[in-house]
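> What follows is the residue order along each chain.
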Amino acid sequence: MATPIHVSAVSVPAASSLEDIQTACASTEAILGPLMTIGNNGTDTILTFDTGNRPPDDETVLQQTVGGTPIAPPGLTLVCSGHAFVTGQLMMLAGFAKPR
Amino acid sequence: VLRIVSGRSALLAFVIAVVLSQAGCAPVQGFAPDPACSSNEMAALGNRITTAQNGYDGDGAVPVLAIRTAYRDRVVHARIAQSECNYNEFQARLWGDTNIIGLASDLSLLTLAGLGATIGNAATTSALAAASAGVVGAQAAISKDLYYQRTLPALMAQMTANREWVKAAIYENLKTDDDAYPLSRAQADLGALARASGLPAAIENVIQSATEAKIQAEQETANVLGVAVKLSPSVRDQVRALSQRLFDDSKSSDKAAQDELAAISKVLGVTKLDNAADWQSAIRQALFKAVRSDTDWIALKTKLTSENVKP
Chain A
1 MATPIHVSAV SVPAASSLED IQTACASTEA ILGPLMTIGN NGTDTILTFD TGNRPPDDET
61 VLQQTVGGTP IAPPGLTLVC SGHAFVTGQL MMLAGFAKPR
Chain B
101 VLRIVSGRSA LLAFVIAVVL SQAGCAPVQG FAPDPACSSN EMAALGNRIT TAQNGYDGDG
161 AVPVLAIRTA YRDRVVHARI AQSECNYNEF QARLWGDTNI IGLASDLSLL TLAGLGATIG
221 NAATTSALAA ASAGVVGAQA AISKDLYYQR TLPALMAQMT ANREWVKAAI YENLKTDDDA
281 YPLSRAQADL GALARASGLP AAIENVIQSA TEAKIQAEQE TANVLGVAVK LSPSVRDQVR
341 ALSQRLFDDS KSSDKAAQDE LAAISKVLGV TKLDNAADWQ SAIRQALFKA VRSDTDWIAL
401 KTKLTSENVK P
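Protein chains in written order, with the working numbering: chain A, 1 to 100; chain B, 101 to 411.
Simulated from the structure, these hints should not be mistaken for lab results.
No experiment lies behind these values; they were computed from the predicted model shown.
Every residue gets a Cβ at the ideal spot worked out from N, C-alpha and C, and that includes glycine.
Partner residues are not named here, just some residues of chain A that face chain B (Cβ under 8 Å, in silico):
#1 6
#2 8
#3 9
#4 10
#5 11
#6 26
#7 27
#8 30
#9 31
#10 32
#11 71
Facing chain B, according to a computed beta carbon distance under 7 Å, are these residues of chain A, among others:
#12 12
#13 24
#14 51
#15 54
Could you put together the complete structure from these sequences and hints?
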């Protein structure tokens, strides 16, 4: 399936720790734009970014969600959630943004 | 004897009349009343919460951690028990309230398509998909039976699951003392428990599941630009500033902005596109490919400077 021109998908190796994924997400968001989705292709974690928008000043915070229900910590808003590989294991992650 | 038979018939007729009148007026609840949730029990729970809360507030001034923790636990456990009763009553009303049919047609618009994508066997899925398609043209065609048998149980299961997740987190936190998990935090989590008990959260979850399934399907075949980069915080900020400027330049008709876009485009080897939004997007994708590390950024900065672009 062709990826829309303003959406860029990048991979993160499955063995990455949550901290590594966080750094990768923040670094990529700084270049490509706001994080849009979290998911996987069965081999690696796949993150998509919105290149049609301005890169955000604040970095998205990634957290593991317990039981699949993302509950935003105080002061943060849910951006997206999905199943990602964290140290080789598939788990539900949610991305939260600080509202400006 | 005749009087006795007549009396029995009258009693039987009375019982049938009562049953029929109940069937006609009152909805079938589908849930047995919980004796632990009687009005007396609920009042006792309320008193227990007030007493424990007063104890907590009173001892809060004195730093007796163990006592404070015990009061906190009492408040939280009683509030959860209260919440269970309220939730059971809510579920019973959802099952029994005939007015819910009005809500059903609204909900069906939101949920049937999502549920069709996420739950059930093929027959359920096709029934839900058919109902979802039909509801747009004819809301009246949504059958009560379908709603009760398919949609509502799924939403109720989602609500119950949402509650269990929040409760599990609360119970986990209660293993620590009041310093680590003070009552104020527990109260916030109890608020989350209340929100998790509602239809909006359940519908949101169902839609989210459907969306995630769609995203997952798309990502399995997505064109991946490359492996995500890992930059140091300071380099990240510098690259972000450049990328933000690229975006701002694309929105501007100012010559300096357009010249900057062209210069960066040249350094990164991107062909100019007529659509400014597409162009800046292509440049940022090229930037992502060019900056794989802090070292790459330093090298790129040199090239940008040589083209009179401020990195």
